[in-house]
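S.K.: Sequence:
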Amino acid sequence: MTSKQERKAPVSILILTFNEESNLPYALQSIDGWADQIIVVDSYSTDRTVEIARSYGADVYQNPFENFVQQRNWALNVPEYRNDWVLYIDADEQVTPELRAEIAEVLSTVPNDVAGFEMRRRFIFMGRWLRHGGYYMWLLRLFRRNRCRFVPSHQGGEYPVVEGKVLRLRYDLLHQDHRPLAQWIQNQNKDSTKVALALFQAGGRPIQADLNPGETIEGRMRTWLNRHIYAHIPFWAKPIARFLTFYLLRGGFLDGWEGFAYCTLHELWYPLLVGLKLRELQRSQIARIHAEQSGWR
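For the sequence shown, the numbering used here assigns the number 985 to the initial residue and increments by one for each residue that follows.
No lab work stands behind these hints, which were simulated from the structure alone.
Ranges between beta-carbon positions, derived for each pair: (1) L1181 <-> S1039: 32 to 38 angstroms; (2) T1248 <-> D1097: 43 to 49 angstroms; (3) F1244 <-> F1002: 25 to 31 angstroms; (4) S1027 <-> L1232: 33 to 39 angstroms.
Remember, it's a predicted structure, so these values are computed and weren't measured experimentally.
By construction, the Cβ of each residue, glycine as well, lies at the ideal position given by its N, Cα and C atoms.
Input sequences plus hints: build the corresponding full structure.
M.R.: And the structure:
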């Protein structure tokens, strides 16, 4: 919770949620009393997420989830925004006191040609800040709502594109998932199914593989690797290539056993799940076509 002496910011906070009762209180406590408005767009949670959001005075909307691009763009168009500026955070992220003060300061004097601000995110895993491996990245999270839209990125992801100048902030956003590791792994398994289906619908090709100037440097690097390297190697080799890239070439090994564990889960195990599920979908389609051609159906 913010102090009474802290300057409030003319910003609307946007958070997407689905069953985030373990994380959401930490996110809301980090902005309570500081942000002028909190907007939560929920995908029909079955836990206490909506109740928690409303207890902090958030404006809550519910919309069925199709994909992150659709959901974030839908969220930007709800009618009750009170501010031109939007800061979007995930339910497992918190705004640090230093970042709050900096945002309040810059928004009081921001020129009209500035459409957004990037900030770095400290990624905490198993209690350790992962400084290496490409996880301490710049993210465009603060922007003018009427100059922003979300577009697809590689592997079924998304990122914001703004019309105007983008500056960088000094202080960091904090990412720390408070759910048990078993639940995090379960969610990664579910997410890999969604990504595999999206890739299957795209014909097995990387989604939006072209480089885009609206994406951050780190995001463009991942897109380039996905387009020029990962897209041209067998599905079983992609996880190995990703692990070697992020753990060795990008220094994930410098973050101790926590860095090894996260790189193994996120860059080796997760893409292997995606590849196996995509292959399963492709084999099912081939079998169905053969069955239809043979008159079995």
